[in-house]
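Participant: Given next are the chains, with one letter for each unit.
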Amino acid sequence: MNRKSWFLPGVTIFGFVFLYAPIISLVVFSFNKSKLVTVWGGFSTKWYGELLNDPQILGAAWISLKIAFISATIALIFGTMVALVLTRFGKFRSKNLLNGMITAPLVMPEVITGLSLLLLFVSMEAAFGWPAGRGMLTIIIAHTTFGMAYVAVVVQARLSDMDDSLEEAALDLGAKPVRVFFDITLPVIAPALVSGWLLAVTLSLDDLVIASFVSGPGASTLPMVIFSKVRLGVSPDINALATIMIGIVGLGVAIAAFSLLRKPKTKLK
Amino acid sequence: MNWFAKLGLNGRWLVIAIPSLWLLIFFLAPFLVVLKIAFSEAAIARPPYTPLITWEEGRLLLTLNFGNFQYLWEDSLYLLSYLSSIKIAFFSTVFALLIGYPMAYYIARSDEKIRNILLMLVILPFWTSFLLRVYAWIGFLKGNGLINNFLIWLGIIDTPIIMMQTDFAVYVGIVYTYLPFMILPLYANLVKLDEALLEASADLGAKPMTTFFTVTLPLSMPGIIAGSMLVFIPAIGEYVIPALLGGPDTLMIGKVLWSEFFSNRDWPVASAVAMAMLILLVVPVMLLRKAEVRT
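If you read the protein sequences in the order shown, they are chains R and F.
Note that our numbering has the first sequence beginning at 31, numbered continuously upward.
Note that our numbering has the second sequence beginning at 1273, numbered continuously upward.
If you are wondering where the hints come from, they were derived from the structure by calculation, not from laboratory data.
Where hints are given, some of them may not hold.
[What the hints assert, rightly or not] On the chain F side, residues computed to face chain R include the following (Cβ under 10 angstroms):
1) Ser1292
2) Val1306
3) Tyr1377
4) Val1444
5) Leu1502
6) Leu1529
7) Leu1560
None of the values given here were measured: they were computed from a predicted structure.
Every residue, glycine too, gets a C-beta built ideally from N, C-alpha and C.
Construct all of the structure, not just a fragment, from the sequences and the given hints.
Facilitator: The following block contains the structure:
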């Protein structure tokens, strides 16, 4: 192996440069004075100022955040229910159907999900007048549907890893199933719930294709505004926006890593 | 375990029914609607297609229009973009495997502390906006972009290489976006590989290369299939990457569906394209499920 020992680290370094160079360039050129995104013209923070004075972007960011919080929260509840049903409910008649419906959104191309949901909304509106028009509500419904699939996968993995003797003991001692869930299962799977919820938030904030299909006038999400700007060419205020978003993610990761290091792992596996 | 069986019959039924109902209405029903509209005819109306079932002179009529599928078959644009999607998705998967496999192998074989950091570095980009990361590549690939400026500065080239709005840029974008999806299942597989097998192979006189091709590679097959399908499946339906990095002659089926719907406003043809795309995904999805069962 020694003769070839440069190969593996070499490819690994190349891979990481490949993964991170674009992100780093976004950050660096957000502080560029020049309007040309790729030629350095001196340090400046003016693009951040321009960004904060752009009502279109700020409005879209607010809409996106609202959609992400609401849809991820509903997705968390429904996704956890599905995970519980699939791991703790034994056999029932429609189990295969439910299993199929919860995993299919993970591999479904976004264009198909978006088109099919829009056509459903249009047909429903024609048939019984709901949902009236399209906008935030229809985007929330769409994001909840794929968000719950991701939550279910994450929570299901944790539930099947978890030692269920504690739950059984509590049941044997006469606790009601609802109590067992809130007193024992929930605290143990809490980290999975947090990461499932964060995943659903991230996916919702990131979605361009499905939102474009099911959105209506007046409900442009942040990715939709970014996409229409970017199609006209590169613009430094988008770099500034990207840097802020990367900063938030970086901060979140730092906090998560810090709290993991400080707290000794609770052994409740 | 089945402890929720103790939950009263109504409670148990509710926990199953609520999410199931949601998925039936907002996931399964939409496909039936798409299927229905794929068999209707475009019309200048609201909504812009003809009904399948009509009531005429006391008779219930079901009209299935196969014209949309016939049209897909006869107009070469659709067949070409279908084939081009398969080609682009296939080669992107191969490139991602060629970069992802050595990376996964290296991470799986490194010390535990370094391993966790490297693993986090693989996952991290996924948490930042996909759209903005694809956008970043425009700055690298365009005529006066970073790569061309660098190569001109080095004196390797005199005139910029045209990379933006080509299939090359689409390959870069897809490999870049989905590389973590290739690495993670491969890593999960390779980290479980029993090193005693490699030692045994070496002790019996096999060269490292022979050991790799006869022991490591066959054992990591489920990881290879899972990772490849996780790249191939989303690449087939990709819209954002060809729209931002590709040119007007980059044909991909997701882009065709988008323009059929948003530019031509032909809902029945867009639905037929969606159905054709679904059929294309049946085999890869089945491969993925099989690989997931084996890992």
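Participant: A separate judgement is required for each hint: does it hold in the structure or not?
Facilitator: Structure-based check of all given hints:
{"no.": "1", "hint": "Ser1292", "verdict": "holds, 5 angstroms"}
{"no.": "2", "hint": "Val1306", "verdict": "holds, 5 angstroms"}
{"no.": "3", "hint": "Tyr1377", "verdict": "holds, 6 angstroms"}
{"no.": "4", "hint": "Val1444", "verdict": "holds, 9 angstroms"}
{"no.": "5", "hint": "Leu1502", "verdict": "holds, 9 angstroms"}
{"no.": "6", "hint": "Leu1529", "verdict": "holds, 5 angstroms"}
{"no.": "7", "hint": "Leu1560", "verdict": "holds, 7 angstroms"}
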